[in-house]
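K.L.:
Let chain V serve as the given structure and place chain L on it in line with the hints.
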Amino acid sequence: MMRFAAVRRILGVLIAAYSVTMLVPAGVALLYRDGQALHFVDSFLVTLTIGLVMWLPVRSTQQELRRREGFLIVTLYWVILSAVSTLPFHFSPHLDFTDAFFESVSGFTTTGATTIVNLDKVPKSILYYRAQLNWLGGMGIIVLAIAVLPLLRVGGMQLFKAETPGPMKDEKLTPRIEHTARALWAIYVGMTGLCILGFWAAGMNFFDAVCQGFATMATGGFSTHNASFGYWHSPMISAIADVFMFLSGMNFALHYIALRKGSLRAYWTDPEARVYVGFIGASITLVTLTLLLTHTYSSFGAALNYGAFQVLTVVTCTGFVNTDFTHWPVFLPALLMMLAIVGGSAGSTAGGMKVVRVQLAVKQCVREFRRILHPRAEIPVKLGRNVLPERVVSAIWSFLAAYVLVYLLFMLILLGTGMDWDSAFAAVSACFNNMGAGLGMVGSNFAHISDAAKWTCSIAMLVGRLEIFTFLVLLTPMYWRR
Amino acid sequence: MQPRVIQRILGLLLMVFSFTMLPPAAVGWIYGDIGVRPFLDGFLVTLGTGLILWWPARNVRRDLRLRDGFIVAVSFWVVLGLFGAIPLALAAHPHLSITDAVFESISGLTTTGATVIVGLDVLPKSILFYRQELEWLGGMGIIVLAVAVLPMLGVGGMQLYRAETPGPIKDAKLTPRIAETAKALWYIYLGMTVACGLAYWLAGMDVFDAVAYSFSTVSIGGFAPHDASMGYFNNPLIEAVAIVFMLLAGANFGLHFFAIRRRSLRPYLEDSEFRTYFTVLAVLAAITVGYLYLTGHFGGFGDDFRHGLFQAVSIGTTTGFTTSAYHQWPGFLPALLIFASFIGGCAGSTGGGIKVVRFLLLLKQGGRELMRLVHPNAQFAVKIGRRPVDDRVIDAVWGFFAAYVATFSIIMLALMATGLDQVTAFSAVAACMNNLGPGLGSVGENFANLNPIAKWLLCLAMLFGRLEVFTPLVLFTPGFWRR
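Protein sequences, first through last, are from chains V and L.
Those letters in the first sequence? Residues 1 to 482, per this note's numbering, in order.
Those letters in the second sequence? Residues 1 to 483, per this note's numbering, in order.
Hint data in this document are derived by calculation from the structure and do not stem from the laboratory.
No experiment lies behind these values; they were computed from the predicted model shown.
Treat the hints loosely; a few may be bogus.
With a straight-line Cα cutoff of 20 Å, these simulated SDA-like cross-link-like pairs (lysine to any residue) come out [stated by the list, open to error]: (1) L/Lys-383 with V/Asp-451; (2) V/Lys-121 with V/Ala-83; (3) V/Lys-363 with L/Thr-477; (4) V/Lys-363 with L/Leu-475; (5) L/Lys-364 with V/Leu-405; (6) L/Lys-364 with V/Arg-385; (7) V/Lys-124 with V/Pro-93; (8) V/Lys-363 with L/Phe-208; (9) L/Lys-364 with V/Val-404; (10) V/Lys-382 with L/Asp-391; (11) L/Lys-383 with V/Glu-390; (12) V/Lys-363 with L/Phe-476; (13) L/Lys-383 with V/Lys-261; (14) V/Lys-124 with V/Leu-136; (15) L/Lys-125 with L/Phe-208; (16) V/Lys-363 with L/Ser-409; (17) V/Lys-363 with L/Pro-472; (18) L/Lys-364 with L/Phe-274; (19) V/Lys-124 with V/Trp-232; (20) V/Lys-124 with V/Leu-23; (21) V/Lys-363 with L/Lys-383; (22) V/Lys-363 with V/Leu-373; (23) L/Lys-364 with V/Thr-476; (24) L/Lys-364 with V/Leu-136; (25) V/Lys-261 with V/Leu-373.
With the rest of the complex left out, here is chain L:
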């Protein structure tokens, strides 16, 4: 533990983060809405706090170590989540309580997309832009977390990706490697955002909406500047664009990196996680569309196909855009879609959930168990692609799965203790922990009507989900603080 190093990094992060409050202020100024002041205040407070933290520790030049990594990763989301709430809490319209502001800010930074604000369409543009920007920034953080930090921390079996991470490999020194990886991946992220925004604009959105939606699409966030989310436009072309970019953003960014460097699509085709990801979404979409068609929900195959496909991709990748009130869809569909969000996006993407690669490993392990029952004396290896997977990785994935289920159940029971019914509690935890966004029951449209305790619990769920459960939990073990 090196408190001084951590202090320096947090200070720097806060100072950098404070500048992100200036673009919304500029948006407010351009559109002439009342919402400029809160952003300037937020900027000054955040910058000031950052300076105070950084200044005394500015000359500390020691390297970050493994354990510091856990604290930095957790405090990145917690501290930025809290400071990010400042402009939202200060703004006169919408008039949010501290709880609501923090919920909204954490929901943005973890790219969850659950909102407590009703009446998005009449909000000042600056606030709307800020929410989208929070998701986009959160997405940047997540890519680095997922591709560079978690594999090195060895959380939940992600050491699997240690060798594949772009950039130089030096296990002990975090900083140079993370800087290198970050630069490469952010270019891709930025490029995807621009492409997505352009496509939206060409498909018929105005400039503001195109920028706003592109931010929350490539970050797999799901915030929208309209209450009706993607359904506001009622435009199949826009939905098609969204589907393509959600699919891309839910794939491992390491793959994008290799595909671009080699100028070939082969990295995608050869990657068994990507193939599983695609298959899961295809099956999910087929079931959804088929069931909608059989029950005649929209009364025509065209509409069933359009809404079914969109919703399956949006929820399967844990984005959370909606084109239709899916929580009122017939039969098992709402539950199926919520369950699918547990699988989530690929490792190394901005998606949430337990991640496709872990799901794949669980399935393969289950298959191996069946083979072992029939042939008890044979040796079977679990393989990803052509490489056998280390037993340690498999253990870690199992541990992750169990911790995920246990954390989920505890938060769900706690929510029910605050008076929520079971459907609402279950889907609210699923929506938050999988960083999905919309739930079922009374959180089908938004989270505004929950009690404050429930909102704080859900903030916790979003953080636990985003930090892959073990990263925050490890801070609570006595072993961590022992030297």
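Excised from the complex, chain V in its bound form:
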């Protein structure tokens, strides 16, 4: 039987805790006197009440959470927190529920797609609130990616079970997750601080530095300006963003190990990190060269500045832009959308399929070639020095196939709502990969698509963030059976 009381209890606590974070933008509102403070306090009270109402009746339950409840909690965590986060958006900039939900989901899943047309005119507190949504979402995702998904064994992520910092106990979720969370959040907070300092030193004002710092570390992509990073016209700022996007697209467990051992070896010896670096290097080279060959930019410096930034922002699924890449020549816009499908490393805040899965798929293909030539040979698939168990391999394959099928399904639905092909392809790429930047009708924002399309995109963001199977498993009758 599903242990609903335990599920309610933990969700209630999470919501109540989350409500407190709405007081921060209230403070920002007071500081900048933009008149939004009361709205945030109202939202705080409503959210706190919801949390308490859920928690109080079941506060003394003795039920222990098991693996199985994990799927439900993770899914509801993103759905409910996104739903309550819509509250402040009602007051200003007067988004309706569809838009507000889209915006919250986009923030919470660190997608970064927006339905707000003119960001430069939005009150400061709202801008801050959006950045904070990204940042808090990122905190949740790190724990999800490093501690929860490996335990739930979603999409082959049990691969990382041994590497997760913290004690190993399969059936009891809570202590392990708490330990992991504390270690990784320290790193996350520290890196965010550095990123903010970097932006500030490079010439952003303090408010912008904090907001972009939040959105960068979370690979979120919410910006405080319509032009995103194009607003500053500063290669220096772009370069700082490059570095921090690159770092936050890596497995946070690696950062943890590197810090604890005080050495960079953890990065060099990790097979995924090496492919991640190689993949980004190759993509930057390809994009920069194409930009030069097509004379889009005259100087190598400019091509590299824009090329590297755009590659990093899509590979890590951040979704900032520092130039209008939607009008780049030939295949570049489509290529960038496809890079987002590969995505960043497992165990990071990035989206997409994740590098390690693509890497394993390639290895498997190579093995197929060898098996065709040597039908009787036993050829194991290895990651680093470890031979992969058959279960991990088949879980990854299912994930990849499900990814492609769900991608096409979302695209069909969007085409059905009246979007054109390019926009639909890009919108799914932007949302399903939690990337945020699109092409065509969704090139600069998602404000002008139909409500049906917005809901589809919101669901795509959630399903993408929950790595498909966490969500799909809830739809099977078997899950609810005892």
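P.N.:
Positioned in the frame of chain V, the structure of chain L alone reads:
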């Protein structure tokens, strides 16, 4: 690697193939059109080349081995594709460039049915007949490839069918087995063609059209001697005949073989691939017809039903006949139909795409993954019918799927680099790699207006799709050439 054996086989193939240029010459002579010469020239060049290849190696009596199989399979389509282009390139009308002639010829032999010729209705009958014949011959090759060769080469999980292939089973010796299988299946293929042609004729086509359309129907090709394809006749009876034969030709020919030998329909009903094939097409047709009806596209349920059903079967089986400009249909329908062509026909048929059985295995695997999430310690087997499927086969199917998607994306990006827009590029690769034929966007009607580089890339896509990606790719691995 035994270059001499391969040389002998290719020589023989070319000599046999050269004779297929004589029937179109005869057609040209009967209808009195100008197009007799190119076919005779093509015949002589091909026969000559075949002789030159074969003569020095005629006494080599060694057996073909596994690795030679890959080279023969690839060169069958590449070499015949190139030589098949000769009459098209030489003909004065239509005046095709080398690129166009090769594209048309490969499109025929891979039973794709994408065309670069506009104005089919005014072409000489000999050329029209030749195009149809290319598809029909391609279909013959594909049946043998799909039923006998690929299972033995172990490409993309097709070893699944190794035990089911009609004919004696000897893994190492390819030739006797292939000869045996080929004979059995070609009789069925021939019989279906005759039945199809007769049915078309009875339904109202003239003799030439009946023969021409029957060739491209049973080969799941899709070439037509009219620009309007099947829509030329505007005859529901003809469309019904086409639907039946497309459905039959998209099923595993091994099944037809067993059904005929046992004189019973049970092999079809018991085969889970066939059931899935039928279900997928039924669902696709239902959605298509339903959506056309809801949007009032043809303004009446009769027409919605007729066009929707025809297009769903034609594209779902990767034939590519059209009765209506489906690329201008409303909403998601064009995309849905193109996506459906990825599933394609059954393994062991003349259809394209990734094949129904692979799609079925992918779904079953996905289902098993969900069950494993809920019950992590239980053992679940993936089964086809009642038999559990070997893990190796499943691995191979996954590998195939990933290679298919990767090849698709690379060719698509390359096409966009030549200046095509995304819809055109996506659907052109889908139409060619799935051996479907018509696409969307600027390749909705034909491929004439593409640039030459794009056409060559699409030739590659057709070959990769037809040879199931791994067969040509394996030739590029260093391991293949090492002894």
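K.L.:
So if I understand the rule, the pair passes when the alpha-carbon distance is 20 Å or less; does L/Lys-364 with V/Leu-136 pass?
P.N.:
Violated, at roughly 37 Å.
K.L.:
Given the hint that V/Lys-261 pairs with V/Leu-373, does the C-alpha gap stay at or below 20 Å?
P.N.:
violated, 44 Å
K.L.:
Is the hinted pair V/Lys-363 and L/Lys-383 satisfied, with a Cα-Cα distance of at most 20 Å?
P.N.:
Violated - the C-alpha atoms of L/Lys-383 and V/Lys-363 are around 25 Å apart, more than 20 Å.
K.L.:
For the pair supplied as a hint, V/Lys-121 and V/Ala-83, confirm whether the alpha-carbon distance does not exceed 20 Å.
P.N.:
Violated, at roughly 24 Å.
K.L.:
Given the proposed pairing of L/Lys-383 with V/Lys-261, does the C-alpha separation stay at or below 20 Å?
P.N.:
Outside the cut-off at roughly 48 Å; violated.
K.L.:
Between the alpha carbons of V/Lys-363 and L/Thr-477, is the straight-line distance 20 Å or under?
P.N.:
holds, 14 Å
K.L.:
Does L/Ser-409 sit within 20 Å of V/Lys-363, going by the straight-line distance between their CA atoms?
P.N.:
holds, 18 Å
K.L.:
Would you mind confirming whether the straight-line C-alpha gap from L/Lys-364 to V/Val-404 stays at or under 20 Å?
P.N.:
Answer holds: L/Lys-364 to V/Val-404 is near 16 Å, not above 20 Å.
K.L.:
Is the Cα-Cα distance between L/Lys-364 and V/Leu-405 20 Å or less?
P.N.:
holds, 14 Å
K.L.:
Run the distance test for L/Lys-125 versus L/Phe-208: straight-line Cα separation, threshold 20 Å.
P.N.:
Satisfied, since the Cα-Cα distance of roughly 9 Å is no more than 20 Å.
K.L.:
Mind checking the alpha carbons of V/Lys-363 and L/Leu-475 for me, to see if they're no more than 20 Å apart?
P.N.:
holds, 18 Å
K.L.:
Take the C-alpha atoms of V/Lys-124 and V/Leu-136, compute the straight-line distance between them, and say whether it is at most 20 Å.
P.N.:
holds, 18 Å
Consistency with the previously given hints fails for numbers 1, 2, 6, 8, 13, 21, 24 and 25, ordered from lowest to highest.
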